[in-house]
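Q: Here are the chains, one letter per residue:
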Amino acid sequence: MTIPATDERVQLLLPSPTRAVPPTTARRQRRAILTYSALWALGALPGLLDLGTAWTATGLGLVLPGGGLAYGGHPVLALLAVAAVVLSVFTWWATGPTVLPPLMWLGSAVLGGLVADPGATATQVVVLSLGPALIVTAVGVHRLRHVRQARTGARLNERLRDVEFVITGPPGLDVRVPVTEHSAQDLAHLRYALDLALQPIDSFVGFTKIDQFREAATRYQLNALGYSLSMAQFTRTPAFTGYLAEGQRNAIEKMLDRRIWGYWAVENAWGNLDLDRDPVDNSENIMLTGFHGLMVGMYETLNDDRFSRPGALTYRWNDDVGYVNDYGSLAASIHRNVQRSPYALFPCEPNWIYTVCNTFGMNTMVSHDRLHGTGYFPAVEARLRDSYETEFLRPDGRIIGVRSSHLGLSWNLWAGPSIQLTTSYWMHAALPDIAQRTWWLLREQELRTEGDTVATRPGVSARLDPGNYQLGTDTYSQVVTLMAGREVGDEDLAAQVQRGLDEREEVTEADGAWRYANASGLANLYANLGRFGRRSGLRDLVTFGTPEAWRRGPVLAEVAYPDVLVAKAVTDGVALDLVLRPGAGPVRTVLLVERLVPGREYAVTGAAQSTYVADADGTAAIEIDLGGRQEVRIAPR
Amino acid sequence: MGCCLALAYLVALVRRTWFTVVPGAHPTTAAFAPPARRPAPGGPALALGLPTARLTSTRRPAARALVGGGLAWFALGVVGMHVFGWFAWAEGSLLSDTAFHASGLWVAATGFALLAVRA
Chain Y
1 MTIPATDERV
11 QLLLPSPTRA
21 VPPTTARRQR
31 RAILTYSALW
41 ALGALPGLLD
51 LGTAWTATGL
61 GLVLPGGGLA
71 YGGHPVLALL
81 AVAAVVLSVF
91 TWWATGPTVL
101 PPLMWLGSAV
111 LGGLVADPGA
121 TATQVVVLSL
131 GPALIVTAVG
141 VHRLRHVRQA
151 RTGARLNERL
161 RDVEFVITGP
171 PGLDVRVPVT
181 EHSAQDLAHL
191 RYALDLALQP
201 IDSFVGFTKI
211 DQFREAATRY
221 QLNALGYSLS
231 MAQFTRTPAF
241 TGYLAEGQRN
251 AIEKMLDRRI
261 WGYWAVENAW
271 GNLDLDRDPV
281 DNSENIMLTG
291 FHGLMVGMYE
301 TLNDDRFSRP
311 GALTYRWNDD
321 VGYVNDYGSL
331 AASIHRNVQR
341 SPYALFPCEP
351 NWIYTVCNTF
361 GMNTMVSHDR
371 LHGTGYFPAV
381 EARLRDSYET
391 EFLRPDGRII
401 GVRSSHLGLS
411 WNLWAGPSIQ
421 LTTSYWMHAA
431 LPDIAQRTWW
441 LLREQELRTE
451 GDTVATRPGV
461 SARLDPGNYQ
471 LGTDTYSQVV
481 TLMAGREVGD
491 EDLAAQVQRG
501 LDEREEVTEA
511 DGAWRYANAS
521 GLANLYANLG
531 RFGRRSGLRD
541 LVTFGTPEAW
551 RRGPVLAEVA
561 YPDVLVAKAV
571 TDGVALDLVL
581 RPGAGPVRTV
591 LLVERLVPGR
601 EYAVTGAAQS
611 TYVADADGTA
621 AIEIDLGGRQ
631 EVRIAPR
Chain S
1001 MGCCLALAYL
1011 VALVRRTWFT
1021 VVPGAHPTTA
1031 AFAPPARRPA
1041 PGGPALALGL
1051 PTARLTSTRR
1061 PAARALVGGG
1071 LAWFALGVVG
1081 MHVFGWFAWA
1091 EGSLLSDTAF
1101 HASGLWVAAT
1111 GFALLAVRA
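Chains as they are written, first to last, in the working numbering: chain Y, 1 to 637; chain S, 1001 to 1119.
Since the hints were derived computationally from the structure, they do not count as laboratory data. Values in this document were obtained by computation on a predicted structure and should not be read as measured data. Ideal Cβ positions, reconstructed from N, Cα and C, are used throughout, including at glycine. Please note: incorrect hints may appear among the correct ones.
[What the hints assert, rightly or not] With beta-carbon atoms standing in for the labels, derived distance ranges:
| # | chain 1 | residue 1 | chain 2 | residue 2 | range |
| --- | --- | --- | --- | --- | --- |
| 1 | S | L1076 | Y | R504 | 31 to 37 Å |
| 2 | Y | R551 | S | A1031 | 34 to 40 Å |
| 3 | Y | A495 | S | L1115 | 50 to 56 Å |
| 4 | S | A1031 | Y | A138 | 23 to 29 Å |
| 5 | S | A1031 | Y | G373 | 39 to 45 Å |
| 6 | S | A1072 | Y | D452 | 43 to 49 Å |
| 7 | Y | D625 | S | A1031 | 31 to 37 Å |
| 8 | S | L1115 | Y | D625 | 30 to 36 Å |
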């Protein structure tokens, strides 16, 4: 990975495709078509050899779901069989049971054989023709669409030749305004996340609980919780560990609970026919390893390396069985799976490769490389980039959200603006040029400013909250627009979206914590991630880490919650500057400051005493009276 | 996350149909976690009597629901019993009659009290 020393300007045109289907996908699709051809031939044989009604119907059922039932004079059952197979494919897609569609298909074929009455030759011919006709039609439609998309891509490239994307280099203390102050409103939204994170490790009160397989799964809420707390620390209070770091640790440790990761045992069993429950040592499940790894990478960048110690991330099944891992083993497993996968990108659920999920894997490798000196990402970067630009990109620049690794299939529904927005955000750390080109395309084609609101083009996903599967609100869509716009530096648009959210969304309050009332927990937590973000916030946190001064300067290590809300905490390496607010009324309380120079005298403003001498262990307990917004400065005398 | 929005859309359609068709089924909503507490280093923080601008919201959905629901129940009880005769069972004695009508007022009063205390 080439890391620029300063900001760089680059151009990135859309690749001009030389073929309608990219190479790895083409191989998978050829294999799938050959397999179907063999099945077709097998299914056609009984009829051609005149083996009788039952065998002919069974064979036709293999050729086409419901084919034998249609041939045998049961059109309603035939339609039901088609519906059942479609439903089984939907379930396969949703939760990974690979065996379900073949079982349903085979079952309907057997049923067709059992109930068949002598059928007409015309029906037999229609059934035998339909499968190949569908394949030929699909190929034809794809080629027509490809030509149209290639024309669009060529048009866009004419404009992209005049566009330069700024790839940001390492931030310094004096660039990109690294640390800003939480407003009172920011702190109220932060408290929603802190209350979730600071409950006991085995408690999940306040999380949406619908299922553990899809978008509403608790693990995704925990991921968003960890990321948003880390981003708050990075951009607002890097010199505050205390309960903010504890909240991040708790989110990471909650992921080890079997109720959170145990879905994999089920998915691996029915998706891969493999009873191994190990959530890490396998060739898939990047939806756990990549997402969890990034939580740890962010935490370790800002705090300490406890999760890199052997066994620190042990996924426990029961008292006797646990899968011993750490940050290093998560990153290594992602690297190994990328190397092994023909696509470079590898699946989440068995068989299904998602482009967004793989950005989390890249981010885990990039942050691990920086923190531990490994070379995981550079070793696979070229293959990943090539795959994102060929196998998972339409000629018109839209990222393809999902592809079946077995069949090579994807579908157009999967290239909507929400996919582009989320990918643009999460890709900005590792492949910033593609991320920025994706954002540019969104601005050109999808995002519309209407008065004081920003909206995506109406579509299936624009009014969906995936965190609770509720329709009718565009809050989530606004949230991901906020995240991506802010990250790539389109701050005017991001600020407009943030204003829109704050003014239009109903807010509900509990004990000083605020959340958007009509949005899921997931949407609220990602709204916090967007709220606390800044230009290249994710990229800086993942790719470059923290400045040296932040790693050695004094920190606010312990303080009462919610009595003391930390709105800003930053160090230049020797002094500590704080902005504090009361969270539960006026209070006299103590701040514990660490990493001072032992025995050194410090001048303190905003506290009960004007001077303190650091203890032998470099700590000082500083008493303050807090009645409103208060600045505290601790500097060597 | 965010990778599977079209599937989530299909799930949403199924769920919406379910909640429409099945009486009593309600979509799951996320709420707040219990308020967390962490002590100050070396002991609890000491509350001071200083005035402070505390962050508050004017929205109290639970309390407002109690007020609205209580008043609605009271009105429904009066109209239902004395106009339509729906609640004849509660007219059996003065005690049951009073308890029936007062239940809505008590719920509304609780809501009012919560609004007043938390404002």
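Q: Each of the hints needs a verdict: does it hold here or not?
A: Right, here's what the structure says about each hint:
1. Taking the beta carbon of each, S/L1076 and Y/R504 are about 33 Å apart, inside 31 to 37 Å as hinted.
2. Taking 34 to 40 Å as the suggested C-beta distance range, the pair Y/R551 and S/A1031 conforms, at roughly 38 Å.
3. A beta carbon spacing of about 34 Å between Y/A495 and S/L1115 contradicts the range 50 to 56 Å that was offered as a hint.
4. Distance hint check: the CB atoms of S/A1031 and Y/A138 are about 46 Å apart, inconsistent with the given range 23 to 29 Å.
5. Distance hint check for S/A1031 and Y/G373: the Cβ-Cβ separation is about 44 Å, which falls inside the suggested range of 39 to 45 Å.
6. Look at S/A1072 against Y/D452: about 36 Å separates their beta carbons, and that is not inside 43 to 49 Å.
7. A beta carbon spacing of about 34 Å between Y/D625 and S/A1031 agrees with the range 31 to 37 Å that was offered as a hint.
8. For S/L1115 and Y/D625, the hinted distance range of 30 to 36 Å is satisfied, since their beta carbons lie about 31 Å from each other.
When each numbered hint is compared with the structure, violations occur for hints 3, 4 and 6.
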